[in-house]
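**Student:** Chains V and B are the protein sequences, given in the same order.
To convert, take the position in the first sequence, counting from 1, and add 9; that gives my numbering.
Take the second sequence: its position 221, counted from the start at 1, is 220 in my numbering, and no numbers get skipped.
Because the hints were derived from the structure by calculation, they are not lab data.
Even glycine gets a Cβ: it sits at the ideal position worked out from N, Cα and C.
One should not assume that every hint holds.
Here are some chain V residues the structure puts well away from chain B; computed CB gaps all over 10 Å [said to hold, decoys possible]:
(1) E26
(2) I38
(3) T57
(4) M80
(5) S153
(6) V156
(7) F231
(8) L235
(9) P242
(10) W244
(11) Y246
(12) W250
Chain V regions said to be covered by chain B (calculated; three or more residues, Cβ under 8 Å) [what the hints assert, rightly or not]:
(13) 81-91
(14) 178-187
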Amino acid sequence: MATTKLLDIPPQPYTGEKARLTRAYDYLILVLALFLFIGAFHLHVALTVGDWDFWLDWKDRQWWPLVTPLMMITFPAAVQAVLWTNFRLPLGATLCVSCLLIGTWITRIFAYHYWNYFPINMVLPATMMPSALVLDVILMLSNSLTVTSIFGGMSFALLFYPSNWPIFGLFHMPVEYGNAQLTLADVFGFQYIRAGMPEYLRIIERGTLRTYGQYATPLSAFCSALLCTLMYPLWWYLGTWFATIRYVKTI
Amino acid sequence: MFIHIKSYVASIFMALVFLSVAPNNAYAHGEKALEPFIRMRTIQWYDVQWSQESLKVNDEVVVTGKFHVAEDWPRSVPKPDAAYLNVAIPGPVLIRTERYLNGQPWVSSAALKLGGDYDFKIVLKARLPGRYHIHPFFNLQDAGAVMGPGHWVEVTGDAATFTNSVKTISGETVDMETYGLVNGVSWHVLWIVLGTAWLLWWVRRPLFIPRFKMLKSGNEDALITPLDKTIAKGILVVVPLFVFGAYAMTDSQHPNAIPLQAALDQIEPLPPTVNNGAVNVKMIRTEYRVPVRTMNMVAQIHNYSDQPIRIGEFASANLRFINPSLDQPGKNEEDTLVAAKGLVIDDDKLIQPGETKTVSMAAADALWETEKLDGLFRDADSRMGGLLFLYDPSGKRYIASISTSVIPKFD
Ligand SMILES: [Cu+2]
Chain V
10 MATTKLLDIP PQPYTGEKAR LTRAYDYLIL VLALFLFIGA FHLHVALTVG
60 DWDFWLDWKD RQWWPLVTPL MMITFPAAVQ AVLWTNFRLP LGATLCVSCL
110 LIGTWITRIF AYHYWNYFPI NMVLPATMMP SALVLDVILM LSNSLTVTSI
160 FGGMSFALLF YPSNWPIFGL FHMPVEYGNA QLTLADVFGF QYIRAGMPEY
210 LRIIERGTLR TYGQYATPLS AFCSALLCTL MYPLWWYLGT WFATIRYVKT
260 I
Chain B
0 MFIHIKSYVA SIFMALVFLS VAPNNAYAHG EKALEPFIRM RTIQWYDVQW
50 SQESLKVNDE VVVTGKFHVA EDWPRSVPKP DAAYLNVAIP GPVLIRTERY
100 LNGQPWVSSA ALKLGGDYDF KIVLKARLPG RYHIHPFFNL QDAGAVMGPG
150 HWVEVTGDAA TFTNSVKTIS GETVDMETYG LVNGVSWHVL WIVLGTAWLL
200 WWVRRPLFIP RFKMLKSGNE DALITPLDKT IAKGILVVVP LFVFGAYAMT
250 DSQHPNAIPL QAALDQIEPL PPTVNNGAVN VKMIRTEYRV PVRTMNMVAQ
300 IHNYSDQPIR IGEFASANLR FINPSLDQPG KNEEDTLVAA KGLVIDDDKL
350 IQPGETKTVS MAAADALWET EKLDGLFRDA DSRMGGLLFL YDPSGKRYIA
400 SISTSVIPKF D
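Just need the whole structure built from these sequences, with the hints factored in.
**Tutor:** Below, the structure written as structure tokens:
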């Protein structure tokens with residue numbers, strides 16, 4: 010009977026009607042949280058990461074891996090603060106990232122593809138799921154804000170580029186186009202007309218990190234990792250502050 | 000509390016819907032909103048033509064045209080150091096397969112020179128059936144969009160038959176409509192399945208109130224089982240290993256991958272076409288008479304060419320005022336932006352070679368008002384500019400880019 014033992018749930022203080030009621034409350038909160046995070050986190054990412062996540066030809070090796078993890082560690086940190094501190098639930102990051110992906114995929118398919126006619130491959134979103142899983146288990150195993158800030162924050166950022174390269178690497182094959190060398194991603198940007206998105210708006214390897222040429226990606230990733238270790242506790246405290254108001258009133 | 004959450008959720012959703020409405024269509028037909036001095040004194044379009052106006056899916060339409068970059072570029076508008084010739088269109092209903100500036104292939108942005116003359120060519124391939132109003136237009140970095148003249152194009156046929164393949168340098172032919180889609184979606188599905196499994200692993204248990212109570216009563220240890228810890232350790236080791244393994248594999252599959260390209264194209268202006276020295280036009284005084292919607296211009300014209308010349312047209316901000324008494328090609332009288340009898344010239348005689356003549360012109364049409372150019376004397380930069388087209392008896396064209404301050408007359 011190894012299976013039943015495996016799926017046994019840990020002891021809980023309630024039985025009977027009380028257990029049923031608290032379970033109903035679980036579902037209520039979960040459904041609300043789902044919609045709240047789909048809306049809020051998706052909006053946050055659309056406003057901060059924005060074009061870097063929307064378009065193939067924005068996903069450069071310097072700014073994309075810097076901006077994306079930094080802006081995507083925010084909600085996970087805040088939600089972890091609530092769910093771990095109060096309930097010992099190590100799923101804040103995974104929950105946020107899942108909700109984000111639901112929202113993102115809905116807009117990519119309906120707004121970008123059906124409404125504005127872009128092929129879906131041109132607007133594939135990046136995934137933060139591996140980073141989120143690792144962040145959740147680091148918090149669970151360490152039970153420490155400091156350890157999670159440092160190691161969790163760093164892994165969150167460092168895993169980003171390698172997790173996404175299998176999705177986007179093939180769009181970086183060189184093409185001879187208009188007497189120049191372009192990536193396939195650049196060709197998408199040229200061919201599939203975006204009236205509000207001229208080529209020069211893209212921020213491709215601009216700034217001082219550019220000096221390091223070939224090493225732009227690892228440098229960006231480490232820079233992002235460092236910033237994530239600071240961003241994580243910042244949003245953790247935002248989360249606890251937000252949660253105090255809500256839960257003290259409720260329970 | 001629930002009411003608050005509900006209204007919060009509702010407002011977030013409104014924002015979400017609003018956000019997804021407009022990734023791109025902001026510029027279409029917004030040309031009238033742009034300040035007159037930008038429309039008249041930056042990119043001066045002329046001779047814009049479409050190779051055809053009704054096409055089937057996969058057919059191509061070629062848009063050609065010329066433009067002069069005004070010498071009298073407005074002071075408040077950043078110089079065109081990065082300019083991108085775009086197409087105002089409701090999304091990629093046609094795709095841009097080729098673009099040329101002065102005959103040179105042009106895939107990126109380029110700097111334009113003030114006073115420079117350029118010709119362009121854009122090849123568009125029909126992708127989705129429909130009827131579209133298409134304009135070539137310039138995105139100018141930090142300055143905004145300058146619309147060229149628009150044209151209706153009708154696409155018929157079956158969208159499903161659209162094809163678009165591109166060949167990579169290594170020889171692989173890529174179907175742009177689907178390339179990488181299955182791969183990308185598969186990776187997403189894989190990670191979403193793993194993430195969902197982790198979520199379900201926890202969500203199947205009693206959650207909030209029971210766990211909160213257990214935690215507060217000091218029974219925290221029971222909330223995380225040894226099996227949970229084993230799984231977590233597994234994730235901590237396996238996920239990074241798997242991620243870096245997949246990364247290395249991708250790298251070895253695409254050894255020639257290059258970073259996104261962001262070079263500026265270097266394209267020199269053509270030999271001077273406008274203001275090329277054959278005809279010199281100096282503006283003496285310009286008045287705009289508000290009640291009769293007429294621009295009265297007094298110009299001193301010196302003819303340095305060896306042929307007698309006459310004024311045929313004044314064009315600005317895609318409006319064309321034609322002198323009806325002169326027979327000239329390309330009048331396009333049915334076009335709504337053409338005032339076919341809009342240009343009246345006092346003493347409309349030939350200007351002889353070597354002659355300097357002061358000429359009064361009146362460009363009169365309601366278009367000044369309907370196209371919202373009449374607000375220009377209320378701008379901080381109340382100057383106007385445009386192109387003056389002159390012809391010799393053989394039909395040869397001489398073009399002058401003019402620039403003048405404008406004085407309003409309200410009576
Ligand atoms: Cu239009």
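**Student:** It remains to establish, for every hint, whether it holds in the given structure.
**Tutor:** The hints, checked one at a time:
no. : hint    : result
1   : E26     : holds (13 Å)
2   : I38     : violated (6 Å)
3   : T57     : holds (12 Å)
4   : M80     : holds (16 Å)
5   : S153    : holds (14 Å)
6   : V156    : holds (12 Å)
7   : F231    : holds (15 Å)
8   : L235    : holds (18 Å)
9   : P242    : holds (21 Å)
10  : W244    : holds (18 Å)
11  : Y246    : holds (20 Å)
12  : W250    : holds (17 Å)
13  : 81-91   : violated (count 0)
14  : 178-187 : holds (count 10)
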